[in-house]
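Required output: the full structure, derived from the provided sequences and hints.
So the sequence lines, in the order shown, correspond to chains A and B.
Residues in the first sequence are numbered consecutively from 1, following this note's numbering.
Residues in the second sequence are numbered consecutively from 1001, following this note's numbering.
Careful: at least some of the hints might be erroneous.
[Claimed, not checked] Below, a list of computed lysine-lysine pairs in the DSS-like style, where the Cα atoms sit at most 25 Å apart:
1. B/K1172 with A/K33
2. A/K41 with A/K14
3. B/K1191 with B/K1256
4. B/K1265 with B/K1276
5. B/K1276 with B/K1374
6. B/K1265 with A/K14
7. A/K18 with B/K1374
8. B/K1172 with B/K1126
9. A/K8 with A/K85
10. A/K74 with A/K33
11. B/K1209 with A/K33
12. B/K1256 with B/K1304
13. A/K51 with A/K14
14. A/K33 with B/K1379
15. B/K1276 with B/K1120
16. B/K1265 with B/K1082
17. B/K1378 with A/K18
18. A/K74 with A/K48
19. B/K1142 with A/K8
20. A/K84 with A/K14
21. A/K8 with B/K1378
22. B/K1253 with A/K33
23. B/K1378 with A/K51
24. B/K1304 with A/K18
25. B/K1374 with A/K14
26. B/K1029 with B/K1099
27. A/K8 with B/K1379
28. B/K1172 with A/K51
29. B/K1141 with B/K1126
30. A/K18 with B/K1276
31. B/K1253 with B/K1020
32. A/K51 with B/K1257
[Claimed, not checked] Pairwise CB distance ranges, derived in the manner of DEER restraints:
33. B/K1120 with A/T72: 33 to 43 Å
34. A/E88 with B/D1375: 27 to 37 Å
35. A/T72 with B/Y1127: 21 to 31 Å
[Claimed, not checked] Going by beta-carbon spacing under 7 Å, a handful of chain A positions derived as facing chain B:
36. P22
37. K35
38. Q53
39. P58
I should point out that these hints are in silico values taken from the structure, not numbers from a laboratory.
Note that CB positions come from ideal geometry on N, CA and C, so glycine has one too.
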Amino acid sequence: MYPEIIMKHFLNPKNAGKIENPTLLGEFETSSKAKAVFYFKIENGIIKELKFQISGCPYAIAVCSIITELATSKKVEEFKQFSKKNLEKFFEIPEEKEDCINLSVNAFLNGINKYRLP
Amino acid sequence: MAIIYLDNAATTQVDERVLKKMLPFFTEKFANPATKWTSSISKEIDIYVEQARVDVASLIEADPDEIFFTSGGTESDNTALKGVALANREKGDEIISTKIEHEAIIKPLETLEKMGFIIKFVNVDKYGFVDPGEIKNLVSKKTILISIMHANNEIGTIEPIEEIGEIAKENKIYFHTDAVQTVGHISINVKQLNIDLLSLSAHKFYGPKGVGAIYIRKGTKINPFMEGGGQEGGIRSGTLNTTGIIGLGKAAKIAKKEMDFDGEKVKNIRNSLWKKIQEQIPGVFLNGAEMGKRLSGNLNFLVKGIRNEPLLVALNERGIIAGGGSACSAGSKEPSHVLKAIGINTEDFFSEIRMTVGKFNREEEIDIIVENLKDYVKKLRELSPS
Chain A
1 MYPEIIMKHF
11 LNPKNAGKIE
21 NPTLLGEFET
31 SSKAKAVFYF
41 KIENGIIKEL
51 KFQISGCPYA
61 IAVCSIITEL
71 ATSKKVEEFK
81 QFSKKNLEKF
91 FEIPEEKEDC
101 INLSVNAFLN
111 GINKYRLP
Chain B
1001 MAIIYLDNAA
1011 TTQVDERVLK
1021 KMLPFFTEKF
1031 ANPATKWTSS
1041 ISKEIDIYVE
1051 QARVDVASLI
1061 EADPDEIFFT
1071 SGGTESDNTA
1081 LKGVALANRE
1091 KGDEIISTKI
1101 EHEAIIKPLE
1111 TLEKMGFIIK
1121 FVNVDKYGFV
1131 DPGEIKNLVS
1141 KKTILISIMH
1151 ANNEIGTIEP
1161 IEEIGEIAKE
1171 NKIYFHTDAV
1181 QTVGHISINV
1191 KQLNIDLLSL
1201 SAHKFYGPKG
1211 VGAIYIRKGT
1221 KINPFMEGGG
1231 QEGGIRSGTL
1241 NTTGIIGLGK
1251 AAKIAKKEMD
1261 FDGEKVKNIR
1271 NSLWKKIQEQ
1281 IPGVFLNGAE
1291 MGKRLSGNLN
1301 FLVKGIRNEP
1311 LLVALNERGI
1321 IAGGGSACSA
1331 GSKEPSHVLK
1341 AIGINTEDFF
1351 SEIRMTVGKF
1361 NREEEIDIIV
1371 ENLKDYVKKL
1381 RELSPS
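Shown next, in the form of structure tokens:
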């Protein structure tokens, strides 16, 4: 039904939840009211902590979890060009799930693009 | 892992007795009943097919020669709508239906509309009920057909088809009902209900998939949908699906005898499941009619604040198979037309869970279902941003 990596992250998402007083938020909501929020804790251009909350399908949930694993402890700069193409090495993106994956990727990018080096 | 199947409105498990009855007709009794005048084995098979016709007719109190075998509900619906519309065009071009019909009705109606027919839709109230008074108001001299489902597949609401049949009869309009959710589950008397055409499907009542029937009252003016060799009195050409038909006949025979008993059991499990869900999970709301006025196995509810797809996938991981009218979609997928029609709020469109109980479900399953549902609803709500 779903690729193994999606099921793994969906059933046990990593870094789910909120960060109190985050440096910034990345948010995205679709017309059908699916919503994803990333909480960024950034110090000197480095993503120290990244958490998420989501109301969306298993793909969207898993993608949030995968993104937090990819981005934690990395430089914000490294993710300026991030897109769903970067996820293709982990799993095949089915056409009918593109919107779900975009939800999570767009929420993450919304946060990344807000960041300006102090 | 043992499966707890709660999607019996989608399909049902074949009853062992049905399977047993079907099996010889795949192998030693495989001949084509069409050659019954020249082959004794064909004649023997024809006798079984005709017995199936008698059993299906008996289930809905029709005459056997009013039953025509098809490939299932979708074909029966297409036959009824297109067949009656095209055969009665000189009389009129208006058809009345509802906005909560199955796609097997909606799509053929869209096609007929493109062909110039006028489709008038009656509204439903917040429980999914059609108001027969509104149908009366829509009837005109040009109305040739009223097609209203007997019970809704998604929310289980049972429509007042007796009153609708009465209106159709008074106005000399054909009345078709898509009864795939009710045949074999509740008793139907087509004569008493003034039904002219009725669609039924074997796999919704413990028969095999790929076979069904249409009841067409004697004297109904209708064109065939499938044309060819002239089987089924020319109404439905194509070599008979003998194994399927014999399975359908057996399922009908079992249902006639056992549906009241099974219905009680199914209703008790459904009621107790809903009671426990309500007691243990906050923020759940029933969609559709009250318990006495909906299909005995149907539960359809909103789980506020979560989307149905992750919940269904998570339940599936624990061996619990349930349904949702329209799966969660982040993007453009259309929400359930039934939820829209009964006035559910946009933000709840994708929070629908459908659990449909069948005769093979057991009391012991209830606690397992509720425990897992409670667990995942809590987890998904915690994960949700609002």
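Against the structure, the hints:
1. B/K1172 with A/K33: violated, 47 Å
2. A/K41 with A/K14: holds, 16 Å
3. B/K1191 with B/K1256: Satisfied, since the Cα-Cα distance of roughly 17 Å is no more than 25 Å.
4. B/K1265 with B/K1276: Holds. B/K1265 to B/K1276 sits at ~17 Å (cutoff 25 Å).
5. B/K1276 with B/K1374: holds, 10 Å
6. B/K1265 with A/K14: Between B/K1265 and A/K14 the Cα gap is close to 43 Å, so the pair fails against 25 Å, i.e. violated.
7. A/K18 with B/K1374: holds, 22 Å
8. B/K1172 with B/K1126: violated, 30 Å
9. A/K8 with A/K85: holds, 20 Å
10. A/K74 with A/K33: Violated - the C-alpha atoms of A/K33 and A/K74 are around 30 Å apart, more than 25 Å.
11. B/K1209 with A/K33: Distance ~36 Å between B/K1209 and A/K33 Cα, so the pair is violated.
12. B/K1256 with B/K1304: Roughly 39 Å separates the two Cα atoms, so the pair is violated.
13. A/K51 with A/K14: holds, 8 Å
14. A/K33 with B/K1379: Holds: A/K33 and B/K1379 sit about 19 Å apart, inside 25 Å.
15. B/K1276 with B/K1120: violated, 41 Å
16. B/K1265 with B/K1082: violated, 38 Å
17. B/K1378 with A/K18: Holds, at roughly 16 Å.
18. A/K74 with A/K48: holds, 8 Å
19. B/K1142 with A/K8: Roughly 59 Å separates the two Cα atoms, so the pair is violated.
20. A/K84 with A/K14: Satisfied, since the Cα-Cα distance of roughly 19 Å is no more than 25 Å.
21. A/K8 with B/K1378: holds, 19 Å
22. B/K1253 with A/K33: violated, 48 Å
23. B/K1378 with A/K51: holds, 19 Å
24. B/K1304 with A/K18: holds, 21 Å
25. B/K1374 with A/K14: Measuring from Cα to Cα gives roughly 21 Å; hence the hint holds.
26. B/K1029 with B/K1099: violated, 44 Å
27. A/K8 with B/K1379: holds, 15 Å
28. B/K1172 with A/K51: violated, 66 Å
29. B/K1141 with B/K1126: violated, 30 Å
30. A/K18 with B/K1276: Violated, at about 32 Å.
31. B/K1253 with B/K1020: Judged against 25 Å, a Cα distance of about 14 Å means the pair holds.
32. A/K51 with B/K1257: violated, 59 Å
33. B/K1120 with A/T72: 33 to 43 Å: Given a distance of about 59 Å, which is not inside 33 to 43 Å, the answer is violated.
34. A/E88 with B/D1375: 27 to 37 Å: holds, 33 Å
35. A/T72 with B/Y1127: 21 to 31 Å: Taking Cβ atoms as reference, A/T72 and B/Y1127 lie about 50 Å apart, which means the hint is violated.
36. P22: Nearest chain B Cβ about 13 Å off; hint violated.
37. K35: Holds - the Cβ of A/K35 comes within 7 Å of chain B, reaching about 5 Å at its closest.
38. Q53: holds, 4 Å
39. P58: Because about 5 Å separates A/P58 from the closest Cβ in chain B, which is inside the 7 Å limit, the hint holds.
When held up to the earlier numbered hints, the structure conflicts with 1, 6, 8, 10, 11, 12, 15, 16, 19, 22, 26, 28, 29, 30, 32, 33, 35, 36 and fits the remainder.
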